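Novice: With the hints as extra help, turn the sequences into a complete structure.
Chains as they are written, first to last, in the working numbering: chain X, 1 to 268; chain R, 1 to 268; chain G, 1 to 268.
Do not take every clue at face value.
No copy is singled out in the list; a pair is fine if it fits within one copy or between any two copies.
[Stated by the list, open to error] Okay, derived cross-link-like pairs now, EDC-like style, lysine to aspartate or glutamate, Cα gap no bigger than 16 Å in a straight line:
1) LYS103 <-> ASP258
2) LYS103 <-> GLU51
3) LYS76 <-> GLU260
4) LYS103 <-> ASP71
5) LYS103 <-> GLU72
6) LYS76 <-> GLU268
7) LYS76 <-> GLU51
8) LYS103 <-> GLU54
9) LYS264 <-> GLU55
10) LYS264 <-> GLU170
11) LYS76 <-> GLU54
12) LYS103 <-> ASP87
13) LYS264 <-> GLU16
14) LYS264 <-> GLU231
15) LYS103 <-> GLU55
If you're looking for bench data, these hints aren't it; they were derived computationally from the structure.
As the structure is a prediction and not an experimental result, all values here were calculated from the model.
As a plain string of letters, each chain reads:
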Amino acid sequence: MNAARMSAVLLAEVRERRPLVHNITNLVVQNFTANILLAVGASPVMAHAPEEVEEMARAANSLVLNIGTLDESQLKSMALAAAAACDEGRPVILDPVGAGATKMRTQAALSLLERFRVAVVRCNPGEAASLLGQSGHTRGVESRTSGDQMQLARELARRFRVTAAVTGPEDAVCGSDSAFVVRNGHPLLQRVTGTGCAATAVVAAFCAAASPEQRTLAVAGALAYFGLAAERAASRAGSPGSFAVALLDELAAIQPQDLEAGAKVTAE
Amino acid sequence: MNAARMSAVLLAEVRERRPLVHNITNLVVQNFTANILLAVGASPVMAHAPEEVEEMARAANSLVLNIGTLDESQLKSMALAAAAACDEGRPVILDPVGAGATKMRTQAALSLLERFRVAVVRCNPGEAASLLGQSGHTRGVESRTSGDQMQLARELARRFRVTAAVTGPEDAVCGSDSAFVVRNGHPLLQRVTGTGCAATAVVAAFCAAASPEQRTLAVAGALAYFGLAAERAASRAGSPGSFAVALLDELAAIQPQDLEAGAKVTAE
Amino acid sequence: MNAARMSAVLLAEVRERRPLVHNITNLVVQNFTANILLAVGASPVMAHAPEEVEEMARAANSLVLNIGTLDESQLKSMALAAAAACDEGRPVILDPVGAGATKMRTQAALSLLERFRVAVVRCNPGEAASLLGQSGHTRGVESRTSGDQMQLARELARRFRVTAAVTGPEDAVCGSDSAFVVRNGHPLLQRVTGTGCAATAVVAAFCAAASPEQRTLAVAGALAYFGLAAERAASRAGSPGSFAVALLDELAAIQPQDLEAGAKVTAE
Chain X
1 MNAARMSAVL
11 LAEVRERRPL
21 VHNITNLVVQ
31 NFTANILLAV
41 GASPVMAHAP
51 EEVEEMARAA
61 NSLVLNIGTL
71 DESQLKSMAL
81 AAAAACDEGR
91 PVILDPVGAG
101 ATKMRTQAAL
111 SLLERFRVAV
121 VRCNPGEAAS
131 LLGQSGHTRG
141 VESRTSGDQM
151 QLARELARRF
161 RVTAAVTGPE
171 DAVCGSDSAF
181 VVRNGHPLLQ
191 RVTGTGCAAT
201 AVVAAFCAAA
211 SPEQRTLAVA
221 GALAYFGLAA
231 ERAASRAGSP
241 GSFAVALLDE
251 LAAIQPQDLE
261 AGAKVTAE
Chain R
1 MNAARMSAVL
11 LAEVRERRPL
21 VHNITNLVVQ
31 NFTANILLAV
41 GASPVMAHAP
51 EEVEEMARAA
61 NSLVLNIGTL
71 DESQLKSMAL
81 AAAAACDEGR
91 PVILDPVGAG
101 ATKMRTQAAL
111 SLLERFRVAV
121 VRCNPGEAAS
131 LLGQSGHTRG
141 VESRTSGDQM
151 QLARELARRF
161 RVTAAVTGPE
171 DAVCGSDSAF
181 VVRNGHPLLQ
191 RVTGTGCAAT
201 AVVAAFCAAA
211 SPEQRTLAVA
221 GALAYFGLAA
231 ERAASRAGSP
241 GSFAVALLDE
251 LAAIQPQDLE
261 AGAKVTAE
Chain G
1 MNAARMSAVL
11 LAEVRERRPL
21 VHNITNLVVQ
31 NFTANILLAV
41 GASPVMAHAP
51 EEVEEMARAA
61 NSLVLNIGTL
71 DESQLKSMAL
81 AAAAACDEGR
91 PVILDPVGAG
101 ATKMRTQAAL
111 SLLERFRVAV
121 VRCNPGEAAS
131 LLGQSGHTRG
141 VESRTSGDQM
151 QLARELARRF
161 RVTAAVTGPE
171 DAVCGSDSAF
181 VVRNGHPLLQ
191 RVTGTGCAAT
201 AVVAAFCAAA
211 SPEQRTLAVA
221 GALAYFGLAA
231 ERAASRAGSP
241 GSFAVALLDE
251 LAAIQPQDLE
261 AGAKVTAE
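Specialist: In structure tokens:
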């Protein structure tokens, strides 16, 4: 089965199982992330209190840790939730938003990677370089493209034993056993806040519906699906406000056969 | 005066008085809730600091307590605000989001119900069952339909001396003196996050404009109005992103005479 | 060069430089503010942890302090960030949301004004009157128009040595050396939450791209641009949900020459 076909099968699984995705995420994207997951066909839940995150993480099918507006209290809750999710064998998906922009973010992301069995990291090239201790400077939560995305993904995957997705104009995905390049997407994604975080949430939905053996392909399939929705949205809405609305519409509208036809996923 | 006519009169009151609704609510729906209330014609205010919640609650015409992303600090502020609102005779509206999903949420909701004279509880069947100690499991912040919604509403109303609204495909509303079924609404509401919380906020706006004697009908009228807006929105926007935008538009567009014509409220 | 032409030049500067705007803002508008800034062509970043706000404020080109859902912890972070921004010579823009509504908010705004070299205050007439200790009552985060906006702006500017923008149906902007009235805008802005906060963020983007000598005009130009986008959005979207989407679209679509043609800025 080729990668596009497999992506379609996983989308069908998400729609069938409606996995519960627990998000401990930043203040900017709470609403957008929940709407993205509902449009995909998954079930979102947000919970951050230390008293309940373990219980919620155990009940959920995957866990997103997003450090976009991190503070100490949230970092403690992330650790509690990550431990519980790992204990249950649920995939933990890390979005190291702004790693490199401040010491706190870089250290928090590294700490989570070192202390817990994170399944997937989804980030941009600047954040990847920061996690790898490479020179370069993350500006705010954006990053400059810095060299070969696939090389960054490979090094992240090897160093931290994760499936690494380094996204940009093209997305590079690398696991322990395989690697893919995804060529879906649209530049308007850069004009809407939280689209990177949204991609991470879609990855979490696909990982919740996939077996650990399918994980690398699940990450690539999720990114292809998200990028295809962006392409379709941009074809009918060329400005950022309308585009964000259309993106939700297209995530809901895309059927497995559309994804099979539109996914641009190639094995490396 | 029949229920539809009375709902229309209350909508006109909301538009006339522009009640100030104080929301202590979850991180996911802060923006959407404020926009919902502005579309309705009410005035939203969000404030959660213990130093100011009492002052804000006293200045407002009703208070929403929504436990969707609860933490200990927020729970303390809710208690301060609830005490102040009760002291001023303002209606307190509780949305026990995710009761049953974690112990913390169930206990927080029960604690608020026990300690304060809550006027209205708006929830889904799973949350209602959890508050009543009935078996069943809330999955995330969603819930399975569990039996007769009106029975759940009746038991909530009796047990906690509140007006109870248990919403779903149909909405059951039960007060001390009367009960109503509301048959407005649309399935697309399930595909947008925070629509339950939005319904709660609309209920708070109507309760702020109604006398305590009108409360049960005010809750039913608010739900009919919200459901009618969803029906109208769905007739021109069939996907979740567009639907959420259209829902705000329709809440603003609906006039009292539209509500009188479209409300499907029947006394039980 | 006249004010409209200068506004256009500053918009072009924003688009060219893509200034990084650090926002410590309220929970209601985090997402909307970030999307507004992206639509404008600036780069938003949100960060509130005391461990990282100084580093982020130093890296950014301007800082927004918005007290709309203030708490003690956030106020401490605002002070840390303000000190760092002032130290770097970055403009600090204060939005005293709800000053007058509670003692905490009035005192917090006054404290920030007294302790730090705030560059710009953007508020409505009720908030301005509260900061000046004038009678009147702010209801929630809204305010009644109270007398002459330009007089309020002049007094704010003199008392606190800031550029003051008191916005409403018309916007009054007053600096140490000059004053402007801006007559762009649309009543639908009142039906969408956070549009005042959004105007403040746009002001911060313009101030980041302008020299201190240009500041008063930069504030006026930012408000003209924001108001023009509202006019254009309202011409194609007459309801609040659609209007908010169109506002983002128009902020992105307006080119410097459009602003030069449409800005209604007059020197006082």
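Novice: Are the hints correct? Go through all of them and say.
Specialist: Tested hints:
In the homo-oligomer, the alpha carbons of LYS103 and ASP258 never lie at most 16 Å apart, since the shortest distance is 42 Å inside one protomer and 42 Å across protomers. Within a single copy, LYS103 and GLU51 get their C-alpha atoms only as close as 28 Å, which misses the 16 Å cut-off; across copies the closest is 9 Å, which meets it. Proximity of LYS76 to GLU260 under the C-alpha cut-off of 16 Å is found in neither arrangement, the shortest distances being 40 Å within a copy and 51 Å between copies. In the homo-oligomer, the alpha carbons of LYS103 and ASP71 lie at most 16 Å apart inside one protomer (13 Å), although the nearest pairing across protomers, at 25 Å, exceeds that limit.
Taking the closest pair of Cα atoms, LYS103 and GLU72 come within 16 Å of each other only inside a single copy of the chain (13 Å); across copies the shortest separation is 24 Å, beyond that limit. In the homo-oligomer, the alpha carbons of LYS76 and GLU268 never lie at most 16 Å apart, since the shortest distance is 38 Å inside one protomer and 49 Å across protomers. In this assembly of identical chains, the alpha carbons of LYS76 and GLU51 lie at most 16 Å apart whether taken from the same copy (11 Å) or from different copies (15 Å). In this assembly of identical chains, the alpha carbons of LYS103 and GLU54 lie at most 16 Å apart only when taken from different copies (11 Å versus 27 Å within one copy).
Taking CA atoms no more than 16 Å apart as the test, LYS264 paired with GLU55 passes in neither setting, with 38 Å inside one copy and 40 Å between copies. Proximity of LYS264 to GLU170 under the C-alpha cut-off of 16 Å is restricted to the intra-copy arrangement: shortest distance 10 Å within a copy versus 43 Å between copies. When the C-alpha separation of LYS76 and GLU54 is checked against a cutoff of 16 Å, the pair qualifies only within one copy, where the shortest distance is 11 Å, while the shortest distance between copies is 22 Å. Proximity of LYS103 to ASP87 under the C-alpha cut-off of 16 Å is found in neither arrangement, the shortest distances being 29 Å within a copy and 20 Å between copies.
Taking identical chains as interchangeable, the C-alpha atoms of LYS264 and GLU16 are never at most 16 Å apart, the minima being 23 Å within one chain and 33 Å between chains. When the C-alpha separation of LYS264 and GLU231 is checked against a cutoff of 16 Å, the pair qualifies only within one copy, where the shortest distance is 12 Å, while the shortest distance between copies is 38 Å. In the homo-oligomer, the alpha carbons of LYS103 and GLU55 lie at most 16 Å apart only across protomers (8 Å), although the nearest pairing inside one protomer, at 31 Å, exceeds that limit.
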